[in-house]
Structure formats: structure tokens, C-alpha cells
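A.B. asks: Make a model of the complete structure from these sequences and hints.
One-letter residues, chain by chain:
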Amino acid sequence: MMAWILLILSALTFAKAPTRWNATTEIVEKHEFYQNNEVISKPKNSWEIIFAFIYPDTSLNLHKDCVYYKVPGDGAGILKVKISKPEIPCEKFRYDPGDIEVRDLKSFQFTISKTSVYFHLTYTNFKSDRWDMFLMNNFTAPEIQYSLSSAKLQSPEIIMVASGGEKNEAKENLKGICHDIAEDCSEKLPSVCHKCSEGWFEIPNGCAIGPKFCGVQECGGKNRPACRRGMKYQRNKKTKFVCSEDSSFAYCSKGFSVECEGALAYCR
Amino acid sequence: MAILILGIILLFFRPRDEVGRKKVAPCTPEKVFTQVIEASRPRILEIWQDGDKFISKPNFNCPKELQFSKEVGSSYYECQPHFWQCYWQGGVIEHPEIETKLFGQTYHLRAKPSFTPIEEFSEEPRYYKTVKMPGFKIKYGYLIEFEVREIPGISQHMILPDVCRDTYLPQRIYGYGSGNDLKGSEGFIWDNFDRNLFLDKFYVSNQRVNEWRLLTGKNEKVIKNPSQWPLPALLNQKEQKQYCSFFGKRLMEAKLFDASFMIPGDQLNHLPAKVLRPQTPWQRDIGKTFLGMSRINEDYQLTPLDCQLAQVEGCPEKRFTTDSSGWVGINHGLGFYPEALVNDIEPEKNLKLSSKLLPASSPWHELGLRSSWKGEQESSLPVAFRCYEEVVK
Numbered sequence: 001m002m003a004w005i006l007l008i009l010s011a012l013t014f015a016k017a018p019t020r021w022n023a024t025t026e027i028v029e030k031h032e033f034y035q036n037n038e039v040i041s042k043p044k045n046s047w048e049i050i051f052a053f054i055y056p057d058t059s060l061n062l063h064k065d066c067v068y069y070k071v072p073g074d075g076a077g078i079l080k081v082k083i084s085k086p087e088i089p090c091e092k093f094r095y096d097p098g099d100i101e102v103r104d105l106k107s108f109q110f111t112i113s114k115t116s117v118y119f120h121l122t123y124t125n126f127k128s129d130r131w132d133m134f135l136m137n138n139f140t141a142p143e144i145q146y147s148l149s150s151a152k153l154q155s156p157e158i159i160m161v162a163s164g165g166e167k168n169e170a171k172e173n174l175k176g177i178c179h180d181i182a183e184d185c186s187e188k189l190p191s192v193c194h195k196c197s198e199g200w201f202e203i204p205n206g207c208a209i210g211p212k213f214c215g216v217q218e219c220g221g222k223n224r225p226a227c228r229r230g231m232k233y234q235r236n237k238k239t240k241f242v243c244s245e246d247s248s249f250a251y252c253s254k255g256f257s258v259e260c261e262g263a264l265a266y267c268r
Numbered sequence: 001m002a003i004l005i006l007g008i009i010l011l012f013f014r015p016r017d018e019v020g021r022k023k024v025a026p027c028t029p030e031k032v033f034t035q036v037i038e039a040s041r042p043r044i045l046e047i048w049q050d051g052d053k054f055i056s057k058p059n060f061n062c063p064k065e066l067q068f069s070k071e072v073g074s075s076y077y078e079c080q081p082h083f084w085q086c087y088w089q090g091g092v093i094e095h096p097e098i099e100t101k102l103f104g105q106t107y108h109l110r111a112k113p114s115f116t117p118i119e120e121f122s123e124e125p126r127y128y129k130t131v132k133m134p135g136f137k138i139k140y141g142y143l144i145e146f147e148v149r150e151i152p153g154i155s156q157h158m159i160l161p162d163v164c165r166d167t168y169l170p171q172r173i174y175g176y177g178s179g180n181d182l183k184g185s186e187g188f189i190w191d192n193f194d195r196n197l198f199l200d201k202f203y204v205s206n207q208r209v210n211e212w213r214l215l216t217g218k219n220e221k222v223i224k225n226p227s228q229w230p231l232p233a234l235l236n237q238k239e240q241k242q243y244c245s246f247f248g249k250r251l252m253e254a255k256l257f258d259a260s261f262m263i264p265g266d267q268l269n270h271l272p273a274k275v276l277r278p279q280t281p282w283q284r285d286i287g288k289t290f291l292g293m294s295r296i297n298e299d300y301q302l303t304p305l306d307c308q309l310a311q312v313e314g315c316p317e318k319r320f321t322t323d324s325s326g327w328v329g330i331n332h333g334l335g336f337y338p339e340a341l342v343n344d345i346e347p348e349k350n351l352k353l354s355s356k357l358l359p360a361s362s363p364w365h366e367l368g369l370r371s372s373w374k375g376e377q378e379s380s381l382p383v384a385f386r387c388y389e390e391v392v393k
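Chains as they are written, first to last, in my numbering: chain A, 1 to 268; chain B, 1 to 393.
Keep in mind that the hints were calculated from the coordinates and are not lab data.
All values reported here derive from a predicted model rather than from experimental measurement.
Hints may contain errors.
What the hints assert, rightly or not - Derived lysine-lysine pairs resembling PhoX-like cross-links, with alpha carbons at most 20 Å apart: (1) B:Lys64 / B:Lys112; (2) B:Lys31 / B:Lys101; (3) A:Lys16 / B:Lys31; (4) A:Lys254 / B:Lys349; (5) A:Lys222 / B:Lys349; (6) A:Lys92 / A:Lys30.
C.D. replies: Shown next as C-alpha cells:
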């Protein structure tokens with residue numbers, strides 16, 4: 001709680017680019033129309049969500065700073081930042097007071113690139129200001145190749161974190177399905193299996209990518225999911241297997257055989 | 001006059017020397033600090049990922065963190081938090097700092113001892129804190145903090161991920177089990193296309209299990225003697241699985257073990273017509289190796305090279321060496337310790353028995369052969385383990 005108050009107080013005291021944005025891991029909720037360098041002038045008098053920065057603190061709690069802009073019209077423009085949580089949409093605070101507010105703006109422009117974010121602020125008195133944020137956690141997953149480690153595939157080699165956050169907040173403990181794949185092999189929802197606290201398991205369904213569930217479940221035993229064997233070792237160029245017709249994409253431990261429940265393969 | 005005016009105009013449009021221009025220092029200390037951190041990034045990574053480069057001989061002095069031993073290979077010092085602690089508390093060089101020249105000034109970056117001591121190791125404040133990272137794609141890392149001597153009052157926390165632990169298993173067709181009794185059949189084959197599998201390069205060590213114990217609050221089970229830390233952790237099977245799943249991983253599987261040590265005939269052809277079952281990680285036919293020779297010659301004398309490839313009975317102890325590396329870069333395919341495996345094809349065959357406990361002439365020293373383990377450690381049969389991770393992209 002104390003850390004929160006300090007964070008908000010520091011934000012209120014200095015109306016300049018918060019250094020915590022250097023630890024941004026993701027930029028989300030980006031306005032669908034506004035382009036880099038565009039002077040935002042429409043719709044007049046409205047509060048617009050520009051985008052939000054997601055960044056971790058030293059307790060690895062994730063925070064979200066929503067950036068809003070009140071487009072000048074009857075009055076001057078206002079840039080507003082609201083400190084929030086990743087799971088809360090910025091919409092919720094659209095009309096609330098900000099934790100940072102920069103008033104008397106004549107115009108506002110932003111530029112987002114892979115490595116940096118710039119704000120260009122022009123005030124009604126014609127003075128101007130520029131906020132530079134260097135996105136030190138920018139990351140492009142490397143090509144998969146021999147000797148690549150799992151950490152290098154998934155993360156920058158150094159992850160910057162923002163100061164503050166003495167206390168671990170309760171983290172979401174994902175349960176149940178974490179990668180939803182339909183019977184026709186289409187992806188219903190992208191994988192969130194990295195959020196499973198103890199890993200995940202897959203139930204093979206004859207698709208190149210099968211549905212996955214959080215938890216520990218060994219495959220192959222009685223009444224357990226079948227194990228994934230692959231779809232290319234058969235060398236028949238099939239891209240989908242119908243379980244009831246050809247279950248060679250899965251296998252069971254010695255003594256058990258594959259049985260299909262719909263598209264899913266189990267061992268009985 | 002006209003020539004003079006033309007000359008002035010041409011001078012105005014002359015090409016500027018980009019290199020010659022001096023970069024202007026950022027105007028705020030925060031921005032300079034950020035630039036110093038960025039400029040020091042390669043050196044930070046070198047100290048973290050290549051600790052072995054700093055240790056040629058017993059030139060370090062932190063007996064509570066590291067104890068030099070010829071038995072411990074250089075890989076132990078890579079992404080090693082105890083080396084990080086040793087380095088920054090002055091056990092490797094007297095005044096550890098990363099010197100960076102920027103904007104005509106020299107800056108000195110140094111790690112801060114910001115974290116509470118781990119009583120099980122020493123009374124010294126720590127230069128790192130092991131953290132579990134729920135919600136992140138990586139499951140754990142090491143929290144550190146840096147300051148710049150010339151810019152007081154500002155510091156930066158960061159996480160160093162463990163990028164040294166595992167390695168990728170290429171997507172292709174693989175075989176499971178020994179080829180000795182196939183009699184022309186293909187045996188059990190499978191493929192890992194569309195799967196990203198990463199295998200631990202070494203056995204899980206006591207040092208790693210100590211970190212797990214501390215993260216799960218079982219401090220009383222921490223092994224305090226640093227000389228024991230590089231040794232393989234001897235957990236029972238239930239704890240082995242708990243350890244791996246805590247980090248989002250799984251206990252190593254028999255078919256993955258075979259895949260990572262049975263070198264394919266043609267590495268470029270991922271869909272070969274025939275899947276080979278080599279008998280050792282280095283030679284398809286065991287008869288041509290020291291293991292084969294030992295089987296037919298009782299008087300065979302082990303050479304140092306033999307012991308590097310497979311530590312069998314009579315070999316000196318060594319750990320974290322890469323001399324026994326298989327074709328994908330994981331180690332200890334034959335010899336060394338008995339290793340626990342999950343086998344979902346033949347569940348009772350869950351132990352790689354080839355180890356330092358058996359003489360070179362033992363028929364168990366062959367890829368694809370496995371024995372059975374009940375899951376409890378015994379002094380006569382110390383069983384090591386490792387994990388693997390499947391990453392969904």
C-alpha cells in the first residue's frame with residue numbers, strides 16, 4: 001500500500017516521462033486510428049485512450065499505465081496517465097482523474113517504435129516538451145535453431161523492472177484449458193499456457209496443435225490422455241487425423257490402447 | 001564575386017562527416033543512467049552467462065559461495081548465482097565495477113548488495129534474489145540491482161534469466177529404444193514436428209535444488225556445504241517430478257533421451273526413410289568404442305579420453321563437463337550417474353542404468369537399454385535426474 005502511495009505521489013510531483021516506462025514489456029490497447037506523428041485533433045472535446053504501458057515491478061507484479069488525451073476543442077488538451085492493473089481495461093478510468101495530468105496542451109503527438117516511445121507536447125503558450133521513453137525490454141524472439149535455450153526463445157536476456165513493489169500480490173493461478181483448439185483444428189483462443197503455475201499437458205486430437213490444459217497429467221496410462229506421437233512419422237502427408245479412423249498420431253503405454261472421445265485420444 | 005558566392009553555396013551543401021560529430025549527452029541524470037546501463041549490457045551478460053571465463057585457476061576467494069575443484073567443469077559457472085555473488089563481493093577481482101565511456105566521461109556500474117542474506121549460505125547481503133515469475137513466459141530468474149558511481153541516487157532493478165540451462169531438440173522423426181532386437185522392423189518411431197522441446201543439458205544439481213527448497217520455504221533441507229552443490233541432486237521420484245513441475249517443466253522422458261543421444265544419419269533430412277538406432281552417442285557400432293573393446297578384452301585400460309566420453313567404474317569423478325555431449329548438446333548419455341526417466345511407452349523401463357557404478361565391460365553401457373527403478377534413493381544406487389520443457393509459441 002505504502003509503495004502504491006509513493007508511486008502515485010512521485011507521479012503527481014513530476015509531470016515528466018516516468019522512468020518506469022523504460023521497463024515496459026508490452027504496449028496494449030493502442031488506439032486503432034491514430035498514427036505515429038499525427039497531431040490528434042479529432043474528435044474534439046473527447047477523452048481518447050491512446051495506449052497503455054505494461055511493466056513489472058521488483059516483486060514482479062505487473063502494472064498498467066493507461067495514457068489518455070482529451071482532444072482540444074472548447075478548452076485546451078489534457079494528457080492523463082492512470083496507474084492500473086493489466087486485467088482492468090483502460091476504459092474503466094476514461095473519465096476519472098489521472099495520476100499524472102498535463103494540462104494546457106495545444107497539441108499532442110506520439111511515436112511508437114520497437115525500441116522507443118516519444119511524446120511531443122505543445123502548450124497553449126507555444127512552449128513545447130518532449131518525453132523520450134527507451135523501451136529497454138524490447139524483444140524479438142529469435143529463429144529456432146540448434147543450441148537455442150528456452151529462456152532465449154521467450155525472453156530478453158536482461159529484463160528491466162520498475163522500482164517499487166515490496167509485496168507480492170496474489171497472482172492469477174490459471175486452471176483448466178489454456179490453449180483451446182477446435183475439432184476442426186482451428187485455434188479458438190491463443191495459448192496462455194505460460195500462466196499455468198505447474199506446467200500443462202496436451203490431449204492429442206489429430207491436429208498439428210492439440211488442446212492443452214494446466215496441470216500435471218502423465219499420458220499413456222489407464223484412463224489418462226494418450227501421448228502425442230506425431231503426424232509426420234507416418235510419412236503420409238496428412239495434415240489432420242480423424243481419431244476414430246486413424247489414431248496413429250497418439251499412443252498408449254504397453255497394455256493399453258487408444259480410444260477416442262470425439263476427436264480426443266485417451267488410453268483404456 | 002560570382003565564384004565566391006558559388007563557393008559559399010557549395011560549402012553549405014558539402015557532405016558532413018557523421019563520425020566526427022560528437023554525440024550530445026542526454027540532459028537528465030535518469031537518461032544518462034539509462035544509457036550507461038544500455039552500454040554496459042554486453043559486460044553484464046558476460047559476467048552472468050560466461051562466469052567460466054573469469055575462472056582459469058583457483059583465482060577466486062569466496063569459500064562460502066564457490067570452492068574450486070578440478071572435478072567441476074566450466075559449465076557450472078555459467079548463469080551461476082553463486083558466481084555472481086562471488087564476483088560482486090570482490091572474490092574474483094578486488095574492486096568489481098563495469099567501466100563504460102560515454103559522452104567523453106567514464107562511468108562505473110556496480111551491482112548493489114540489496115537483498116537479505118541467505119543464512120544457509122552466508123551472513124553477507126546478497127547481490128541477487130532468486131524469483132519465481134508467474135505470469136511471465138520464463139518461470140524463474142534472478143533479481144539484481146545496479147547503480148552508477150557517478151550518478152548517485154538512481155538505481156535500476158533487472159532480472160537475469162537462466163539462458164544456460166537447456167537446449168533445443170530439433171523437429172524431426174526419432175526412434176525409441178535399442179535397435180538390437182528390431183530384426184529389420186522400424187521399431188517405435190515418433191516425431192516432434194510442431195513442438196518446441198528444450199532439454200536440460202546437465203543433471204539437476206544440489207545447487208539448483210537448494211534454490212527450489214528456498215523458494216518453497218523448505219530451508220531446513222538446504223545443503224549448506226558448497227562443495228556438494230555441483231553434485232547431482234538425489235531426490236526420490238516424487239520430488240523429482242515436483243521439482244520439474246514447479247518450474248513449468250517435466251521429468252525427462254525415455255524417448256527424448258534416446259532422441260538427444262542417437263545421432264541421425266543425415267541431420268539435414270528431417271523425414272528420413274530409415275531411422276537409425278546408434279549404440280553410443282559417438283559411434284553407431286559399440287564394437288568400435290572403448291566400451292565394445294572392454295567387453296571382449298578384460299585387460300582393457302581406460303584412457304582419460306574414454307572417461308571424458310562416459311564416466312564408468314574406475315574413472316575419476318567429473319561434473320558439468322561437456323566432453324560427453326550428444327548431438328544436440330546435452331551431456332551424460334552413457335556412464336556418469338544412473339538417471340531417472342519417465343517412460344510412457346514401457347513404464348517399467350524408467351532408469352538409465354549405464355553409469356559410473358558399472359565397469360566399462362557392462363552390457364548396460366548402450367543407448368536404448370533401460371532398467372527399472374522404484375523411485376526411492378538408495379546408497380547403493382544414487383539416481384540423478386533432469387527436466388525438459390515444452391514451449392507453446
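A.B. asks: Hint by hint, note whether the structure agrees.
C.D. replies: Status of each hint after checking the structure:
A C-alpha spacing of about 19 Å is found between lysine 64 of chain B and lysine 112 of chain B, which places the hinted pair at or below 20 Å, so the restraint holds. With a C-alpha separation of about 15 Å, the suggested pair lysine 31 of chain B and lysine 101 of chain B falls inside the 20 Å cut-off, and the hint holds. Among the hinted pairs, lysine 16 of chain A with lysine 31 of chain B is consistent with the structure: their alpha-carbon atoms are about 12 Å apart, no more than 20 Å. Taking the CA atoms of lysine 254 of chain A and lysine 349 of chain B, the gap is about 11 Å. The hint holds against a cut of 20 Å.
The hinted pair formed by lysine 222 of chain A and lysine 349 of chain B meets the criterion: a straight-line CA distance of about 17 Å does not exceed 20 Å. With a C-alpha separation of about 15 Å, the suggested pairing of lysine 92 of chain A with lysine 30 of chain A holds against the 20 Å cut-off.
The structure meets every hint from the earlier list without exception.
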